[in-house]
Amino acid sequence: MARAALPGRLTWRAATLAEFRQETPTARTLVLDVPDWPGHLPGQHVDVRLTAPDGYRAQRSYSIASAWSDQSKVELTVQRLDDGEVSPYLTDVLEVGDQIEVRGPVGGWFVWREAQPHPVLLIGGGSGVVPLMAMVRARGLSRAKQPFRLIYSVRTPGDLIYREELPRHVRDDPGFDLFLNYTRQAPDGWPNPPKRIDVATINTHGWPPDFTPDVYVCGPTTFVETAADILVALGHDPKRIRTERFGGTS
Amino acid sequence: MMELDGNAMAGDLREIFAFEMTEARFTCAGCGHAAAIGALMLWGQAMGRVARCPQCDDVVLSLVRATDRVFLDLRGAVRLELPLAGS
Numbered sequence: 153m154a155r156a157a158l159p160g161r162l163t164w165r166a167a168t169l170a171e172f173r174q175e176t177p178t179a180r181t182l183v184l185d186v187p188d189w190p191g192h193l194p195g196q197h198v199d200v201r202l203t204a205p206d207g208y209r210a211q212r213s214y215s216i217a218s219a220w221s222d223q224s225k226v227e228l229t230v231q232r233l234d235d236g237e238v239s240p241y242l243t244d245v246l247e248v249g250d251q252i253e254v255r256g257p258v259g260g261w262f263v264w265r266e267a268q269p270h271p272v273l274l275i276g277g278g279s280g281v282v283p284l285m286a287m288v289r290a291r292g293l294s295r296a297k298q299p300f301r302l303i304y305s306v307r308t309p310g311d312l313i314y315r316e317e318l319p320r321h322v323r324d325d326p327g328f329d330l331f332l333n334y335t336r337q338a339p340d341g342w343p344n345p346p347k348r349i350d351v352a353t354i355n356t357h358g359w360p361p362d363f364t365p366d367v368y369v370c371g372p373t374t375f376v377e378t379a380a381d382i383l384v385a386l387g388h389d390p391k392r393i394r395t396e397r398f399g400g401t402s
Numbered sequence: 007m008m009e010l011d012g013n014a015m016a017g018d019l020r021e022i023f024a025f026e027m028t029e030a031r032f033t034c035a036g037c038g039h040a041a042a043i044g045a046l047m048l049w050g051q052a053m054g055r056v057a058r059c060p061q062c063d064d065v066v067l068s069l070v071r072a073t074d075r076v077f078l079d080l081r082g083a084v085r086l087e088l089p090l091a092g093s
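Chains A and D supply the protein sequences, listed in that same order. Okay, so the first sequence: first residue is 153 according to our numbering, each after it adds one. Okay, so the second sequence: first residue is 7 according to our numbering, each after it adds one.
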């Protein structure tokens with residue numbers, strides 16, 4: 153006999169793909185309809201589980217991209233990894249009306265709560281911008297006053313996720329600043345030559361350590377370690393730096 | 007190759023603990039470093055995870071899933087510090 157689910161127990165739920173948006177040639181936002189979704193905080197994850205016809209299962213953790221509002225659906229932005237087991241299915245195969253299993257929201261450390269009074273510095277590399285975008289969206293939605301800065305590093309202009317929405321937040325959300333860093337190829341006429349983020353980037357476009365900002369860094373492991381080392385060298389308190397790493401093989 | 011960090015264990019740990027464990031702080035048995043579970047360096051897949059200290063690389067915890075049970079090995083953590091709600 154199956155045991156009854158305890159209240160608050162984490163369970164798998166069916167999620168239906170309601171619509172999708174192609175963000176870049178290799179990244180897609182899935183808009184999921186999840187009945188009885190309890191809401192989530194920006195930075196939280198869901199686990200996604202796929203089951204093959206033969207019963208084989210694969211499970212991955214994805215950051216939620218959307219801010220929670222009462223009637224909203226749950227959005228995940230998934231970057232396709234060519235040798236991946238789960239991501240190519242989510243970016244290329246899943247169609248509107250199809251179902252996947254999700255459980256969550258989970259996570260409480262790499263999370264921004266509106267009650268945090270400090271300025272916020274967000275540093276994202278590639279699709280590491282996804283949980284940071286949830287924070288930017290949540291701040292915009294609640295008209296929170298904490299100053300936010302986002303340093304977003306991508307290889308080329310074609311890799312820019314949320315390319316139309318980010319400038320809208322700069323325009324409409326007072327106290328939100330964006331700095332785009334290109335590592336391989338910048339748009340024509342861009343003032344800065346392509347380079348990886350370095351001390352000057354974070355020193356110029358971040359907050360001074362004296363402001364005691366809450367810092368969130370998300371991206372590939374080497375990106376996260378570089379940014380975190382720079383932040384500590386600049387005098388930021390390691391306890392105020394939250395990191396989230398992902399690699400390139402799932 | 008190391009792909010992920012302790013944040014990606016949130017679901018598997020939430021299945022076991024009543025607390026949200028990624029914001030719990032571990033103290034490494036190897037080097038004494040203390041940080042959030044979310045900051046551990048994670049190897050492996052959902053079937054078997056090994057989480058190592060970001061400071062000294064020692065194994066802090068491992069989690070192995072079988073068909074009807076889960077094995078959690080915490081020998082690399084001398085202490086876990088858990089935030090209580092409302093405090």
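Please keep in mind that the hints were generated in silico from the structure rather than gathered at the bench. Where is the CB? At the ideal position from N, CA and C, for every residue including glycine. Heads up, some of the hints might be wrong.
[Stated by the list, open to error] Restraint-style ranges between C-beta atoms, simulated for each label pair:
(1) D:V70 / A:A170: 45 to 53 angstroms
(2) A:R209 / D:L80: 43 to 51 angstroms
(3) D:E21 / A:R315: 24 to 32 angstroms
(4) D:L86 / A:D381: 39 to 47 angstroms
(5) D:V70 / A:E266: 36 to 44 angstroms
(6) A:G310 / D:A91: 40 to 48 angstroms
(7) A:D324 / D:T73: 34 to 42 angstroms
(8) A:V248 / D:D74: 31 to 39 angstroms
(9) A:D188 / D:A91: 20 to 28 angstroms
(10) A:G341 / D:L86: 28 to 36 angstroms
(11) D:R75 / A:Q337: 44 to 52 angstroms
(12) A:D188 / D:V76: 40 to 48 angstroms
[Claimed, not checked] Which stretches of chain A does chain D cover? Using the computed rule of at least three CB atoms under 8 angstroms from a CB of chain D, they are:
(13) 216-230
(14) 386-396
Going down the list of hints, with the structure as the test:
| no. | hint | in the structure |
| --- | --- | --- |
| 1 | D:V70 / A:A170: 45 to 53 angstroms | 36 angstroms, violated |
| 2 | A:R209 / D:L80: 43 to 51 angstroms | 26 angstroms, violated |
| 3 | D:E21 / A:R315: 24 to 32 angstroms | 37 angstroms, violated |
| 4 | D:L86 / A:D381: 39 to 47 angstroms | 27 angstroms, violated |
| 5 | D:V70 / A:E266: 36 to 44 angstroms | 38 angstroms, holds |
| 6 | A:G310 / D:A91: 40 to 48 angstroms | 44 angstroms, holds |
| 7 | A:D324 / D:T73: 34 to 42 angstroms | 51 angstroms, violated |
| 8 | A:V248 / D:D74: 31 to 39 angstroms | 36 angstroms, holds |
| 9 | A:D188 / D:A91: 20 to 28 angstroms | 22 angstroms, holds |
| 10 | A:G341 / D:L86: 28 to 36 angstroms | 53 angstroms, violated |
| 11 | D:R75 / A:Q337: 44 to 52 angstroms | 51 angstroms, holds |
| 12 | A:D188 / D:V76: 40 to 48 angstroms | 26 angstroms, violated |
| 13 | 216-230 | violated (count 0) |
| 14 | 386-396 | holds (count 3) |
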